[in-house]
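Go ahead and model the full structure; you've got the sequences and the hints to work with.
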Amino acid sequence: MDEAIAFYQKALSLNPDIPEALFNLGNLLFRQGEKRKGLELVKRSERLFAERGDEEWASLAQRIIMRMNIGATRLPKHPEKRGRKRRG
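Okay, so the sequence shown: first residue is 5 according to our numbering, each after it adds one.
No lab work stands behind these hints: they were computed from the structure. These numbers come from a predicted model, not from an experiment. Honestly, I wouldn't trust all of these hints.
To be verified - Label pairs and their in silico Cβ distance ranges:
| hint | residue 1 | residue 2 | range |
| --- | --- | --- | --- |
| 1 | A15 | L64 | 26 to 36 angstroms |
| 2 | S17 | I74 | 23 to 33 angstroms |
| 3 | I74 | L18 | 10 to 20 angstroms |
| 4 | R51 | Q13 | 11 to 21 angstroms |
| 5 | D6 | E59 | 25 to 35 angstroms |
Every residue, glycine too, gets a C-beta built ideally from N, C-alpha and C.
And the structure:
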């Protein structure tokens, strides 16, 4: 995953307005725990897809944004307790 992140970061350093790279990097970062940054990148990709008239990709990005928002609200308040079994 780190190689893919580096690849997309390099692509975006050459052209920061590649919506596919923003979309994919956003998803990767979100999965690695960088929730806010990942969400920001996918939102930016959605705007760029919409600007160029790519309705299918814009729609996909919107669905991913909704899932990210739902997932972010379901995160445990205390991640250190995540995965521990209840006793009793």
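Okay, the hints, checked on the actual structure:
1. A15 to L64: 26 to 36 angstroms: violated, 19 angstroms
2. S17 to I74: 23 to 33 angstroms: With a Cβ separation near 31 angstroms, S17 and I74 satisfy 23 to 33 angstroms, so the hint holds.
3. I74 to L18: 10 to 20 angstroms: Cβ of I74 to Cβ of L18: about 33 angstroms, so the range 10 to 20 angstroms is violated.
4. R51 to Q13: 11 to 21 angstroms: Check passed, 20 angstroms falls within 11 to 21 angstroms.
5. D6 to E59: 25 to 35 angstroms: Between D6 and E59, where Cβ atoms are some 33 angstroms apart, the hint holds.
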